[in-house]
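Enquirer: One line per chain: the protein sequences are A and B, in this order.
Counting in the working numbering, the first sequence runs from 1 upward without gaps.
Counting in the working numbering, the second sequence runs from 1 upward without gaps.
Please keep in mind that the hints were generated in silico from the structure rather than gathered at the bench.
Small disclaimer: the values here were computed from a predicted structure and weren't measured.
Treat the hints with care, since some could be wrong.
[What the hints assert, rightly or not] Derived SDA-like pairs (lysine to any residue); straight-line CA-CA distance at most 25 Å:
1) Lys183(A) / Thr112(B)
2) Lys183(A) / Pro172(B)
3) Lys102(A) / Arg330(A)
4) Lys183(A) / Asp66(B)
5) Lys183(A) / Ala110(B)
6) Lys183(A) / Arg50(B)
As a plain string of letters, each chain reads:
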Amino acid sequence: MHGAVAISCNQGMTRIVLADRVEGEPRLLGTVAVPGRDVETGLAFAEERFGRRLLAEERPIRPRGLLGDGADAWIAVGSPASVPLLAVLAIAPDPLLTDLAKRAAEAAMVETHWIDATQVASLTALVQQLVELRPRFLLLTGGSDERAWQSAMVAVSNALGDAFDLEVGIVIAPEAIQQLVAKTIGDQVELMGVDPTTSQPAEVVRAVTSEFRSRVATLLSAELKALELDRFVDRATALERALAFLVRRADQRVALVDLEQGMLGIWARSEGMLTLYRAGRDLEQGALGLAALGPETIARWLPFPMTEEDILDWLANRVMTASPFLFEWRDQLIATAAVRALVQDLASAGPPSGMREDLTLVVLGPRLAWLPAELALLCALDGFAPLPAGGLVSVALDEADLLATCGALAEIDPGYAATLLERDALFPLAHVIVVAGDAMEGAIAVRGEVRAGDLVHRFAVPWGSLHVLPFPSGRSAELLVEPEAGVRIGSLEPGVAIEFAGEAALGWTRLGIVIDARGRPLRLPDDPPVRARRIRSWLADLGVAEGVMR
Amino acid sequence: MSALGRLPLVAQDVECLVRHRLAAPELRVAVGQLVEPETILAMAADGLPRSARIALAAELGVAPADAARYLVRALGERVEAGEVVAVRRRGLRSQEVTSPIAGRLVTLDAETGLLTVVTDPPRRAVPALVAGEVRSVADDAVTIRAIGDLLLGASLLGREGAGPLIVLADRPDRELPAEEFDERCRALEPFWGSATPTRLQRALVDPSADWPFPFGVLMLEGFGRLPVPEPAFDFLAERTGRWVALLSSASLGLDRPACFVSSRSLQGQPLQPVALVPGAVVHLRLPARPGLGRLVSVPFVARQPDSLAFRAVWVERDGNREIVPVDLVDPVAADA
C-alpha cells in the first residue's frame, strides 16, 4: 500500500488524514480538520491543502495515481452522528452479571440507560419505559429466576410491538434463560446470547462489547454509504488497537483521554486494558452533561472565582454555540478545569488505585491538542494524577488524530499502520518527574541537573510547585534528580535519586522537562480564594501570564 | 460553512416566507388571503398522539384471551391517568390495573393481552403570527409571504408566539430581576424565578422534553449576565409597542430563529447574506466575549493550529486584531 486516506467522523469535527510513502516509509502528510460533521468540506480542504485530487465524480480515487492523486486505502473511523442508545435491563439482578453488563456497556461507544426490573412498579410501567426510551440496542442480564424473566419478557415483547427500531438484543444469562428469551421475543428482534456460567467474565465482556462496537461501525458505514469506503471502524476499537501496539512495542503503561464525541478513557498496560465511555459529556453538545459532576468540581480547578450559576451558564453557552473554537484564555481556562474534573471522575471509575496512577505515558486526544500546551499538560497531570513507579511519565498529544487512524488502518495493512504510528503519531508535550512523599510547603523537595549538549542547568524545586526545564529543539537531555530526605520520586524509596543519561537520555518535548513537586495525592486548599491562588501559582510555574488568569 | 457572506443580525423591510407546519389541520384560510398576526390559520393537533401499552393479562395473571373479561371501562372510552381500567377479584382482595396516562382505550390484543391507551393531542387554534399573504396551503403546512423587520437570535427555546413588544430595560446591559417585571408582564410572573435559567438550560439539552412555560424564549446572546448586542437592543427599542413574532429557524427556512416585526409594506427585499468586506461592522458570537467589531479582512482559510482549517476573518475591536471563525460573525445590518 502506498497512500491512505482516513476520514475521522466525530460530533463537532471532521478530520481528513492523508498518509503516503516518503522515501519508502509510510508517513503522515497531514491532517485537515473542519468544524462540524462535514466530510465534503473536509475533503475539499484536504485537496486544496495537499494539492492532490482525492475525489473524482464524488467518489474516492483509488488506487493512488503516479502523481499522488487518490489513495490505495480509504477508511472511516469514528462514531455515528448520534450515539446509539443502549437499554440495559437487569432482571432478577445478580451482582456479578450486573457488573459484567456494566463493563461491557461502558466499553462501547453507546449511551447507556439502566433499568432495574425489580425497581419498576409494574409490567405496564416497564413497557412504557422501554417504549419511551426507544433504544437501538437492548442488553438483558440476570440470574436464573425463570418467573422474573418470563414476566419481563412479556413487557419487552409488548414494547417491541410498539414498533421502535430495536436492532439487536443481547442476553447475558444461562443457556436455559437464553432459550426462554428466544421463545418469547426471538421472532421480534435479532438476539444473541452469552452464557456466563460457561465463559470467563472477560470473554463475556469482550463478546458483548465487540458486538455493540460492530453495530456502531455499521451505523457509521450507513451514514457514509455514498463514499464507498473500504473499511469503517468504531473509534474505541481503533484507539484500543493503537494503544495495544504502544504497550507491546515499548512496554508502556498508558492512559488516554479522548473528547471527540462524549468522553472516552482508556488505560492500557501489558496485563490488560480498560476502556470507559461516557456519552453526553464533552465540551460541546455534551457540555451540559458536565453539570452532573457538580459545578463545584469544575470551580475548584479555576484560577479565578466563578459562581456555580456562571459555570452552568458557560456550559449552556457551549451547547448553544456548538463551536469547537476556544480562542479566549478565559474559555480555555474554564475548559481545562472542566476536563480535569471530567478525567478525575472517569478515573475514579477506572482501574484499581495504584494501577490507575502507575503510568509511563498519558495521551491527550486531538481535541485537547488545541489548548495551550501548559493547560493541556495540567489536564493530564491533574486529571489522571499519575504516580509512575519509576518517577517519569511522558505526556503526548495525538494532534493529528493518528492513533485512531492507525488503529483503523491496521485492519487493512498492519505493517503500514505500525510504521506510521511509530513515526508520526504522538507529539511529545512534556516529560514529567513526579515527586511524592512528605515535605514542608516551600521547602526544597528535589535538586538536580539537566544537561543538553554543552548547556548545564542546575535546579532546586520547592515542595508544592511545578518547575519547567526547557531544552533546545532537536536535542536530547540528560537529567539527574535527587530528592531530599522524606521525598520520593514516583514510587521509589524516599531519598533515591534517578538519572536519565546516555541511552536513556530524554528526547525533545514542546514544554521540556517538568518537575511536578506538588505531591500525591494532589491536595487543593478548601478555602476558595486560597485554592484559586494555588491554581494561579501552578499556572504561573508553567509560564502562563498572570494577566490572562482573570 | 458560508464562504463569503452571512445573514445580517438585523434587517429591515425584508420579505420572508413563513411556513407553519400543521398536524391534522382543519384549515381556515385560502391561498391569496391577507392575514393578520392574530388570524387563525387552522385548528390543528398540538403535538403528536402518545400511546401507552398496558400489559393487562400479565398484570392480572390471566391468559391474554381472557383479559377482556376484567375490563371495567369499555374500549373507546376516555380514562384519566391513574384511573382503574380492569379489576380481578381474588378471594377477598381485588387486583386493579390502572392507566398510566389519560386517553382513550383503543384496543385490547387477544393474543398478547395488551391494552392500548392513546392520548388525543389537544387541538389548538394556530395563529398566523405575522401579517402577510397566504402563498400556499397544503395538508401539512400553510406558507405566508410576510414583509417586515428581522432580528436574528441564537436559539429559540419553547414554542413560537407573537404579541406586543415591551422593552423593560433602559440599556443593553441592564439586568432585570423577576421583581422588576411590571404589571404589563404580570402573565409571566408565575413562571419567572430563580429556577428559570436551569429550566431553560434543560430545554436546550432535551428539546423533546415538556416545555415548562406557556411562552417561548428567544436567546439573543447566551446564558449569563451578557449584555444584549447594541444593534439588537436598538432594534427592539425602536419597535416598542409593535406586534412581534418569535419564529423558529424551520419556519423561516434559515439556520437560526428570529424575532420578526411585520410591516404593512407591500414590497420587501429578499433576505440575503451580506458580503463580509473590510470595514463592515460585525457582531461576534464568541461565548466568553461577545460584542461588536469591525472587519479588517475578507474571509480566508485559517489554519490554527496547523491541522484545523476553517474560514475566518480578521476583526478589530478595542484596538486589538483577532482571528474569528466566519461562523461566529454576523454582519450587523444588511446595509453594513
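Enquirer: Against the structure, test the hints numbered earlier, and report the numbers of the ones violated in rising order.
Expert: 2, 3, 6
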